[in-house]
Amino acid sequence: MHAQNIFTPTELQWWFNLAVHDVLSPVVSLSRLDLSEVKWPAAVPAMSRVRWLDLSRCKLKEVPVVLNSCGFLSKLELHHNPIKKLPDWLSPAVALPALIYLDVSFTDISTLPVTFSLLATLRASDCDGLAEHYKIHADSADPSKLIEYLKGCAKGEMQPLGRLTGTLLGPANVGKSIILECLIKPPPGLLERNEMKEHRARTRYPIIMPHEHKPDAGAAALHVLFTDPPGTHLWTLLSDKAMV
Amino acid sequence: MIVCVCAGDAQLAPAVQFFVSAENTVFLVVINGAGLDQESIQAEASGVPSNSKKIARSWLSYVSDQVKNYRQRCISILVATHRDTAEKNKTFPRDRKRLVELCVELQAAYPDANLETEPLFVNALNRKEGRSALWSRMRGGASWLLKDQMVPKFINACGDFMEKYIEDPSKPQWCSYDEFVQLPMVKDLTRDQRSSALASLRKMGYIILLPNGTIIMKPQWFAAAASLTLSPPPGPNDGNVAPLHIQTDPQNPGFITGAGLKKQMLSLTADLKEMEWSSDAKTRDDQVSKLVEFLADIGIILRDPLDQVSLPLARERCLRMLCNFISFSRC
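So the sequence lines, in the order shown, correspond to chains A and B. Following numbering that gives the first Met the number 0, the numbering of the first sequence begins with 0 at its first residue and continues without gaps. Following numbering that gives the first Met the number 0, the numbering of the second sequence begins with 0 at its first residue and continues without gaps.
Chain A on its own, in the form it takes in the complex (with noise of 0.2 Å):
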């Protein structure tokens, strides 16, 4: 099968304009084609009838919403595109139900639906900002591993993640231990003091402490690992060539 091959703006807007019957390929490539300033309609009748569509490389910043139209789509290239996030309906289980093989390789997104597990192929591999638990089987050289991971997800239960680190940066002797401390001391009760001890003894090794904060409204608790390094010495920071 021939694809449809898109090469400048020009036929990118002729294509826009085509009727149905007019399509001359179901396998459509818009490959390396600049789309980051492209204003696409709210309807491409062709878009009906696609059914393999190449999107990579093409500076998208967002996957358009037209493709949610296309109810035959089942092979669907996104990679190296600077996409953040994924549509909720892009998947089989939303608007793409004949959708089979995704691939957002080399992209900026950080998560990925369970739905995906309802595909044949999902290739994501060197998406540097994926979560972790997803990015070990993402970039495995097993190209099953990630879709039998989200298999295993999509039985399993989904919750939010809800951790986090927290640093605290500064000079020496500015309060950083004395902030850590009033972050993890619970607030003071009826008779208690309100005020801290202002002089402690200044922090010698990195301090690294988990800790559970548990808002009163009822709020879901959120866990965050603290890092209190010692102070940088003024000087040292001074003499930085990186201030500039």
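Warning: the hint list may mix true and false statements.
What the hints assert, rightly or not - If you only want the chain A side, here are some residues facing chain B, beta carbon under 10 Å, derived: (1) His20; (2) Glu156; (3) Ala218.
These aren't lab readings, by the way, just hints derived from the structure by calculation. A virtual CB, placed ideally from N, CA and C, is assigned to each residue, including glycine.
For this one, chain A is given, so just place chain B on it according to the hints.
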């Protein structure tokens, strides 16, 4: 305290870098806010940026580099301390105005650091207002960073397990991969889930993976020990605190025998609860030997064939090695 003798990428206390490349991080960049207005007036008159500005710029520059290099998600918050002093000296409104201006300037200069527009000016000694203000901003940052971040239940369970593990002095500070997969939180997981759990715990900073495959289960223990071998002689800011500095051979600076290093490590850290030294002499000896082995594994100390240990002849070089190791281990 670790002082880097060279400007640039080795400027930070090396152990900081264990965590600056974590997956989701809120950075609190702390400066002294009291007298900021006066400092800024003097800086404008002299044409040289104020110390506070230089400090904040230096850290935000570093954070920006990390974020770009490792595509990590972060929020930075500029926190000024000593609000009580500013209020007492009646400079608070002017200091605060300067702080806001500084924050806007820094935000424009370091977009990758994701600095929040609104700085915090706190009296961190105040457990009510200070605490509330700090947590409010921490939670705001967390909510943005963690939005849509869903994980399988076992990832959170592993994090919970590690939080308890870290605080239990009866648990070992390190283990092998085979021992790791026998831990209660891991042993019932599938092979794929185990890989994910290990990778996530490492990325979140709960564990450290050494090149030889050893898993450091208590990062606090390892960071304290690593700092020990890199700490300089006592400085003017150390006050009455006993310095953590290893004396090398005066005739052969930078060198120390293996036995001498172990002896000093034990004596210098005898009062550090994080080191969790055993009360049994034999076990304690094994612990310190392992620690030296781990530090050698990441190149902080170098062994020669006669088992003489070399502490960094050039601390700069050593810091760079550690930074490189840490960056590598988290990528």
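**Request:** Tell me, in ascending order, the numbers of any earlier hints that this structure violates.
**Result:** Of the numbered hints given earlier, the structure breaks just one, which is hint 1.
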